[in-house]
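K.L.:
In order, the protein sequences belong to chains A and B.
Residue 0 is where the first sequence starts when you use numbering that gives the first Met the number 0, and the numbers rise one by one after that.
Residue 0 is where the second sequence starts when you use numbering that gives the first Met the number 0, and the numbers rise one by one after that.
Don't take every hint at face value.
Computed list of lysine-lysine pairs in DSS-like fashion (alpha-carbon distance at most 30 Å, straight line) [unchecked claim]:
id	chain 1	residue 1	chain 2	residue 2
1	A	K100	B	K453
2	B	K358	A	K132
3	A	K216	A	K197
4	A	K83	B	K357
5	B	K357	A	K62
6	B	K261	A	K77
7	B	K261	A	K94
8	A	K119	B	K453
9	B	K358	A	K83
10	A	K83	B	K352
11	B	K453	B	K358
12	B	K357	A	K132
13	B	K358	B	K269
14	A	K77	B	K357
15	B	K357	A	K94
16	A	K187	A	K140
Per the computed footprint, the stretches of chain A lying under chain B, defined by three or more beta-carbons under 8 Å from a beta-carbon of chain B, are [said to hold, decoys possible]:
id	segment
17	99 to 113
18	159 to 173
Residues from chain B that keep clear of chain A, each with C-beta distances beyond 12 Å, as calculated [as the list claims (entries may be wrong)]:
id	residue
19	F6
20	N24
21	K31
22	I55
23	A59
24	F63
25	D82
26	Q92
27	G99
28	T131
29	R189
30	K269
31	I271
32	D332
33	N399
34	V438
Simulated from the structure, these hints should not be mistaken for laboratory data.
We treat Cβ as the ideally placed atom computed from N, Cα and C, and that holds for glycine.
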Amino acid sequence: MENKVKVCVENLNVHYGEKQALFDVCMDINQNEITALIGPSGCGKSTFLRCLNRMNDVIDICKVEGSIKIDGQNIYDKDIQVEKLRERVGMVFQKPNPFPKSIFENVAYGPRIHGLAKDKTELEEIVHTSLKKAAIFDEVKDRLDETGTSLSGGQQQRLCIARAISVNPDVILMDEPCSALDPIATAKIEALMEDLKKEYTIIIVTHSMQQAARVSKKTGFFHLGNLIEVNDTETIFSTPANDKTLDYVTGRFG
Amino acid sequence: MGLITFFLLVLFAITSFYLGYFRSNRVRVIEKQRPFSLDKYYGYYLAIWSVVPAVIILFAILIFDGFIVKNYVLSEFYSQGIDQSEISLLFTQIENTRNGIKLFNSEDEIIVNAVNKLNYIEGIFEITSIITVFSVSSLFLLYGYRKINLNFDARLIVEKFILIGFFLCSLIAILVTVGIIFSLLYETVRFFSQVPILDFLFGTNWSPQRAFVRDAADAADIENAFGAVPLFSGTFLIAFIAMCVSIPVGLLTAIYMSEYAKSSVRNTAKPIIEILAGIPTVVYGFFAVITIAPFIRSLGGSIGLDVSSESALAAGLVMGIMIIPFVSSLSDDVISSVPQSLREGSYAMGATKSETIKKVIIPAALPGIIGSFLLAVSRAIGETMIVVMAAGLVANLTANPLEASTTITTQIVVILIGDQEFDSPKTMSAFALGLTLFVMTLILNFIALRVVKKYTEKYE
Ligand SMILES: Nc1ncnc2c1ncn2[C@@H]1O[C@H](COP(=O)(O)OP(=O)(O)OP(=O)(O)O)[C@@H](O)[C@H]1O
Ligand SMILES: [Mg+2]
Chain A
0 MENKVKVCVE NLNVHYGEKQ ALFDVCMDIN QNEITALIGP SGCGKSTFLR CLNRMNDVID
60 ICKVEGSIKI DGQNIYDKDI QVEKLRERVG MVFQKPNPFP KSIFENVAYG PRIHGLAKDK
120 TELEEIVHTS LKKAAIFDEV KDRLDETGTS LSGGQQQRLC IARAISVNPD VILMDEPCSA
180 LDPIATAKIE ALMEDLKKEY TIIIVTHSMQ QAARVSKKTG FFHLGNLIEV NDTETIFSTP
240 ANDKTLDYVT GRFG
Chain B
0 MGLITFFLLV LFAITSFYLG YFRSNRVRVI EKQRPFSLDK YYGYYLAIWS VVPAVIILFA
60 ILIFDGFIVK NYVLSEFYSQ GIDQSEISLL FTQIENTRNG IKLFNSEDEI IVNAVNKLNY
120 IEGIFEITSI ITVFSVSSLF LLYGYRKINL NFDARLIVEK FILIGFFLCS LIAILVTVGI
180 IFSLLYETVR FFSQVPILDF LFGTNWSPQR AFVRDAADAA DIENAFGAVP LFSGTFLIAF
240 IAMCVSIPVG LLTAIYMSEY AKSSVRNTAK PIIEILAGIP TVVYGFFAVI TIAPFIRSLG
300 GSIGLDVSSE SALAAGLVMG IMIIPFVSSL SDDVISSVPQ SLREGSYAMG ATKSETIKKV
360 IIPAALPGII GSFLLAVSRA IGETMIVVMA AGLVANLTAN PLEASTTITT QIVVILIGDQ
420 EFDSPKTMSA FALGLTLFVM TLILNFIALR VVKKYTEKYE
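Excised from the complex, chain A in its bound form (with noise of 0.2 Å):
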């Protein structure tokens, strides 16, 4: 059975100022899947994901060409509205950046601007639920008012996943969320990807082939900007169409 395509990207093209990062990428990601991107460093995954909530708005010389659309309208189109688009589209940074508020405060902060939850209580229980899903709240249940900061680069890591799914997104972007977890935490979140995927849409870009092995049903490989293969996570690791991609998979370049 395959599922319904949720974002969908044509010639896709990202400047840098005069460096291209991205070079005609066109890639179909389906809804309430997990799709992994891989690829050696510097060969513009995270450019990528970024592209997806329109994050390079930010960065003045970052230029995007081509066209990105999620339930079929154009996410670069002149009246979308961005903060609605990044309220859908929830995103995991490489590095972990909790905001200097406590970790209630850092939960609730979504829920807070978007107005999702009526009084204290609901709030709270929106602040909760978040916390249980990214597998955290057992460890900072009797110091929700600490502040974020205080906590270790994993926990830092789930709380980010915490905030960014405390808005109930459609397409979960994580850029490298397991990169500072220990295997016991990975596991938990990948647990909960698992979990996530039959509400959300997931794009997980990682360095470790075991993980998109095991999480993702698609996966992309990138090199130099290109994107140079997509397809079924099985065929990519055992029969992949590019000879890239192999040496890749195998660990022979990277």
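With chain A fixed as given, assemble chain B with the ligands onto it according to the hints.
P.N.:
For chain B with the ligands alone, coordinates are given in the frame of chain A:
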């Protein structure tokens, strides 16, 4: 002896440096092994040994030699039983004669003798001190030199020495502060022995010029002349007006500059704003008197208000303008140093730019922003010239910003201008005012520190 000694010392230090440098080099060659530290550290090590004790001795000599010389020259006068004040007068005459200033008694035999004696002892002192300094230095140098061997870590010792240097520097700032406090304190205590402290702190009438006469009949008058409340209120009023201008304008400028302005705009606008801080305060005073005050007057007149030509409002407004760059420049720096990743985290949640600024950036930058406010407040409280020119000198207990007013600093200036008897209560009241100002800013700082600590949001 100053210049020669100085050059000799520098020469000595350089020689010692190379001595250490080459010694370490030789050790390396002979032992065929790398010493603990780099060669230059052995050089520094020896330079320190040769110079630091010398400098300490020199200082000691500097402090004591005047005393010894004086005693030696005057010893025979002491034995003659001439009284103290006459002796010090005599010594001044001797010194003056020596320096070629002709006095009525320059030809006196005693004076001529004494001058010869003075020249003689100072000559001896010069030579002996140079000899002592350099022989002691050489001893230390020798000691240091002999310690250099393969297992001796000069780097650590140089490091320790640098640490001591830093410590001494910070000590200087603290000692100066303490010194200032004590000099103020001394005069203030004398002042309060004549004027009761409660009258000073809570009295509402300030007219120190009335306190000239000091006989019994005027005693009551003295007590009534030094009520500083009008000055406190004036200071706070004007500072408050100034802050009402500079905080909003400065903060919003800072936010615009750091978050919204293109870098080309920022690069031109920022220096221009900072020029405001470089304009002499007298010029601001002109501006207040010639432009702002008449403007306020006519504006007030047109709505039927009576505005005096010198007003706290004019002074406060102009002072506020002067302080804007203090707030904006500092706040701009702290806001810009909030990491970009926090902004992105907020945008990624779907927050708008202004929400991000309000909820993430300002809270994260708050300690620095409050710091800039504090700096601005202390500038406002300490500012004198604008007030002198634009707000008047009349101590006038009022909360009405349209009337003339005066501040603590202004009154200090007024009191100390011109010839003063240094023990009249009027003069001493300036010190009491100074100390009060000092204590006030101290309390302000303390409160602000507590506030900042409470609301600090730490980011990495
Ligand atoms: N803000 C920026 N300004 C200029 N160039 C950038 C910027 N961000 C990324 N690039 C460039 O774009 C290219 C792709 O970067 P990107 O961050 O997408 O790589 P990545 O695949 O995520 O690498 P990694 O696995 O190390 O995170 C790199 O060559 C990088 O130098
Ligand atoms: Mg990346």
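K.L.:
Which constraints among the numbered hints does this structure fail? Numbers only, ascending.
P.N.:
none
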